[in-house]
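A.B. asks: So the chains spell out like this:
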Amino acid sequence: MTEASATPLLEARNIVKVFGALRANDDVNLTIMPGEIHAFLGENGAGKSTLVKMIYGALQPTSGQFFWKGRHVIPASPSVARHLGIGMVFQHFSLFDSLTVAENIALAMPGPHDIAALSDRISKVSASYGLPISPTAIVGDLSVGERQRIEIIRCLLQEPQLLIMDEPTSVLTPQEADQLFVVLKRLASEGCSVLYISHRLEEVKALCDTATILRHGKVVAHVDPRKETAASLARLMVGGDIHAIKPRVSAARGGEATPRLELRHLSLPADGAFGVALKDVSLSVAAGEVVAIAGVAGNGQGEFFDAVSGERPVAADMMLLDGVALGQASITARRKAGAAFVPEERLGHGAVPTMTLSLNMILSRHAVDPALVSAGVLKPEGARVAAERIIKTFDVRKGKPDPEARALSGGNLQKYVVGRELELKPKLLVINQPTWGVDAGAAAAIRQALIDLAVSGSAVLVISQDLDEIFEIADRIAVISRGQLSEARPAQEMTREEIGLLMAGAHEDRKGAAHHAA
Amino acid sequence: MRLEKRPERSAAMALASPFIALALTIVTAAIIFALRGNNPLAALYVYFIEPLTALWSVEQLLVKASPLILIGAGLSVCYRANVWNIGAEGQLTAGAILAGAVPVFFPAWQSPLVLLVMVALGVLGGMMWAAIPAFLRNRFSANEILTSLMLVYVVQLLLDYLVRGPWRDPQGFNFPKSVTFEGWQLLPYLTSGIHLGVLIAFIVALVLGYVVSRTLKGYEITVTGLSTRAARFSGFSEKRTVMFCMLLSGGLAGLAGAFEISSVVGQLQPQISPGYGFAAIIVAFLGRLNPVGVIFAGLLLALSYIGGEAVQTALQIPDKITRVIQGILLFYILACDTLITYRIVSPASRAAAAAGA
Numbered sequence: 001m002t003e004a005s006a007t008p009l010l011e012a013r014n015i016v017k018v019f020g021a022l023r024a025n026d027d028v029n030l031t032i033m034p035g036e037i038h039a040f041l042g043e044n045g046a047g048k049s050t051l052v053k054m055i056y057g058a059l060q061p062t063s064g065q066f067f068w069k070g071r072h073v074i075p076a077s078p079s080v081a082r083h084l085g086i087g088m089v090f091q092h093f094s095l096f097d098s099l100t101v102a103e104n105i106a107l108a109m110p111g112p113h114d115i116a117a118l119s120d121r122i123s124k125v126s127a128s129y130g131l132p133i134s135p136t137a138i139v140g141d142l143s144v145g146e147r148q149r150i151e152i153i154r155c156l157l158q159e160p161q162l163l164i165m166d167e168p169t170s171v172l173t174p175q176e177a178d179q180l181f182v183v184l185k186r187l188a189s190e191g192c193s194v195l196y197i198s199h200r201l202e203e204v205k206a207l208c209d210t211a212t213i214l215r216h217g218k219v220v221a222h223v224d225p226r227k228e229t230a231a232s233l234a235r236l237m238v239g240g241d242i243h244a245i246k247p248r249v250s251a252a253r254g255g256e257a258t259p260r261l262e263l264r265h266l267s268l269p270a271d272g273a274f275g276v277a278l279k280d281v282s283l284s285v286a287a288g289e290v291v292a293i294a295g296v297a298g299n300g301q302g303e304f305f306d307a308v309s310g311e312r313p314v315a316a317d318m319m320l321l322d323g324v325a326l327g328q329a330s331i332t333a334r335r336k337a338g339a340a341f342v343p344e345e346r347l348g349h350g351a352v353p354t355m356t357l358s359l360n361m362i363l364s365r366h367a368v369d370p371a372l373v374s375a376g377v378l379k380p381e382g383a384r385v386a387a388e389r390i391i392k393t394f395d396v397r398k399g400k401p402d403p404e405a406r407a408l409s410g411g412n413l414q415k416y417v418v419g420r421e422l423e424l425k426p427k428l429l430v431i432n433q434p435t436w437g438v439d440a441g442a443a444a445a446i447r448q449a450l451i452d453l454a455v456s457g458s459a460v461l462v463i464s465q466d467l468d469e470i471f472e473i474a475d476r477i478a479v480i481s482r483g484q485l486s487e488a489r490p491a492q493e494m495t496r497e498e499i500g501l502l503m504a505g506a507h508e509d510r511k512g513a514a515h516h517a518a
Numbered sequence: 519m520r521l522e523k524r525p526e527r528s529a530a531m532a533l534a535s536p537f538i539a540l541a542l543t544i545v546t547a548a549i550i551f552a553l554r555g556n557n558p559l560a561a562l563y564v565y566f567i568e569p570l571t572a573l574w575s576v577e578q579l580l581v582k583a584s585p586l587i588l589i590g591a592g593l594s595v596c597y598r599a600n601v602w603n604i605g606a607e608g609q610l611t612a613g614a615i616l617a618g619a620v621p622v623f624f625p626a627w628q629s630p631l632v633l634l635v636m637v638a639l640g641v642l643g644g645m646m647w648a649a650i651p652a653f654l655r656n657r658f659s660a661n662e663i664l665t666s667l668m669l670v671y672v673v674q675l676l677l678d679y680l681v682r683g684p685w686r687d688p689q690g691f692n693f694p695k696s697v698t699f700e701g702w703q704l705l706p707y708l709t710s711g712i713h714l715g716v717l718i719a720f721i722v723a724l725v726l727g728y729v730v731s732r733t734l735k736g737y738e739i740t741v742t743g744l745s746t747r748a749a750r751f752s753g754f755s756e757k758r759t760v761m762f763c764m765l766l767s768g769g770l771a772g773l774a775g776a777f778e779i780s781s782v783v784g785q786l787q788p789q790i791s792p793g794y795g796f797a798a799i800i801v802a803f804l805g806r807l808n809p810v811g812v813i814f815a816g817l818l819l820a821l822s823y824i825g826g827e828a829v830q831t832a833l834q835i836p837d838k839i840t841r842v843i844q845g846i847l848l849f850y851i852l853a854c855d856t857l858i859t860y861r862i863v864s865p866a867s868r869a870a871a872a873a874g875a
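Protein chains in written order, with the numbering used here: chain A, 1 to 518; chain B, 519 to 875.
Rather than coming from a laboratory, the hints here were simulated on the basis of the structure. Glycine is no exception: its CB is placed at the ideal position from the N, C-alpha and C atoms. Nothing false has been slipped in among the hints.
Heads up, simulated DSSO-like pairs for lysine-lysine below, C-alpha to C-alpha not over 27 Å straight-line:
hint, chain 1, residue 1, chain 2, residue 2
1, B, Lys523, A, Lys400
2, B, Lys523, A, Lys53
3, A, Lys336, B, Lys735
4, A, Lys425, A, Lys392
5, A, Lys205, A, Lys218
6, A, Lys398, B, Lys523
Covered, in the sense of this in silico footprint (three residues per stretch, anywhere, with C-beta under 8 Å from a C-beta of chain B), are these stretches of chain A:
hint, region
7, 325 to 332
8, 343 to 351
9, 373 to 379
Based on the provided sequences and hints, a complete structural model is requested.
C.D. replies: Here it is, written out as structure tokens:
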């Protein structure tokens, strides 16, 4: 703490928030001093977002009190919080794609606005903080990093004294993240406190003055992150050492082997005005290897998954499995050919939220598992047995014997959805964001399972935003940006900086130039 | 005041919901009778109980229920898939027109084949009329609620034109009616009051109940209705499901139309259904979108028709009361279902919760 005598800017005392049977926040205390960058650390589901939403007035605590500059306050709604001087940048932006930057910001400000004058203020704030953005740009045309700048500027225009950032770097390239840190440090030096939510330990060490660590809704430590190691912070977060991934037995992988999956100049037009078009994507994945596709969210990963899985068919020879052209084949035909898929969104894509786990078993297996469906007739008992098996093998934690999918926590449902595909020992597994929103223990288990699958002779294609994860499991790495894929290269040869540059589109021009030359 | 999603739906309440809705409807009906100056208990007895006390009226109940069950079973499958066919009344009429064309053009043709051809044409007519909104939705994303509803009035006017013009019975004293059907142009009767169509309606509902709960096709329909994205992941095509559901529900409505003109109506005339196609929407919801539940709901709605006629005769209450009671019933079912998933939160209670914290 800088000054022991100073009044804290914000103090949360004995905050409790109960959702049904779950104590999301259990007697949480948090003190933020003026001008400090305060890290709020914890695993997914530890209760970080719950507390932050209460500070911002979006949720009300079950019990406990907030003090703002020593005065008792009740942030009954976000407008009350904004009035106090609290600004928040959410993880998921609330912007209208078809409006301009200035129009989007005007929508969030109280009262009528003169767009010209507002544009002027936006330009000033953007110049003075090094957040370049044009007020007249259409949001739909901007990258995710630029969209985040809009949200930050929107907060800064209201001259906040506390800025809450919810996992801001999860959508940024390493370079963009560095730029953001400069802005946050500058804000702090001007006296604006920052509450920085993250589970990325290295950046917390680099950026933050103090850290509050939350585990299962309880504060487990207040520490100075600069004096801790990433490993010690991780232990506090998880409450034990994270199970390390077994080092791989480097299987001999000759380039001469025929690829299991081959994508040849795959192109797919954008689905709607704000979708991303895939341009000339070429990639091959051999049996026994894990290939990872890195990239910032919203650069065509979803479209790539749809094209490879067959949810959106492409020209036949754009996608080959074991040399057979399957670009026109349905997802069911691709499954019959030995492929399996895990989409990014578990609820509503990989599983039907209101169906039981056993019925969800049938979702991806109805054509390939005769124990579940035969001659068009469902076998509920077979589905139940299969679900039980997955639940046991992958340690899926649940309340009732056969609950609805939505009743499971994100991590447990992900284990179930991944397990459903892995159990079939597919020849090819395509998985989008395998550990998104999954706690560290489950994430390690899923990564281990992916590696084991590759070692057993399958081809594994992983799409991920998490560079740590990619370096942990991938043999080769390619980067996707604006629907274009860089050449896949061995992981040992690549650095984070290189990947960062590729994420920002370094390969796009080169490809364009190559086309011109050709 | 606003609605807030409940953390969990109560399974018991989901089952109880139609009964609560029915109880509320009866209370409301009693209030309406009382406001008219009738003794509410006596009126309720005449409306809901008396029709069940005589064999002939129970038979009539089954006959009235059969089109409701046929159409309601098809609609329940349709609504499960989030396909909102509101135009079953039109599909029923289209089926009746096509089926009725056989006796109109071949009045002397007598053979069991006649009935088979009429039934097949009835199904075909309903399917054709339902295929239009299905095609418009798949091709142009046109809202099938609007298109299917508008097509009801189109086909009803077509029927009106036919029976007043080209299809009018030459010996019919200028009444807007076709020739009366006879012999194999009519359904055989199982008892004095119950025709073959009643039995078929019950069988269809049971078969659809099996399809929905036990087959991959039923799974496909349910998944499509719950989440189109998950359905696509599963390899199910939404467009195919839309077409399937519309053809199924339209075909069953057309079948009901063919049954009506070859039994109780016995000819083509401007009015061939007292709104069975619309009442079947209530039947589908009251039956929990489950074809087996639809059997019970169909019987209840049939009672509302017969009870309406009974109070008209016995107590001189206009038979519009039937529509009123059906409407109130649908309103209460939807309200109960909504309150199972959501709860009402008033700003006052929110503020109180915040202050208490």
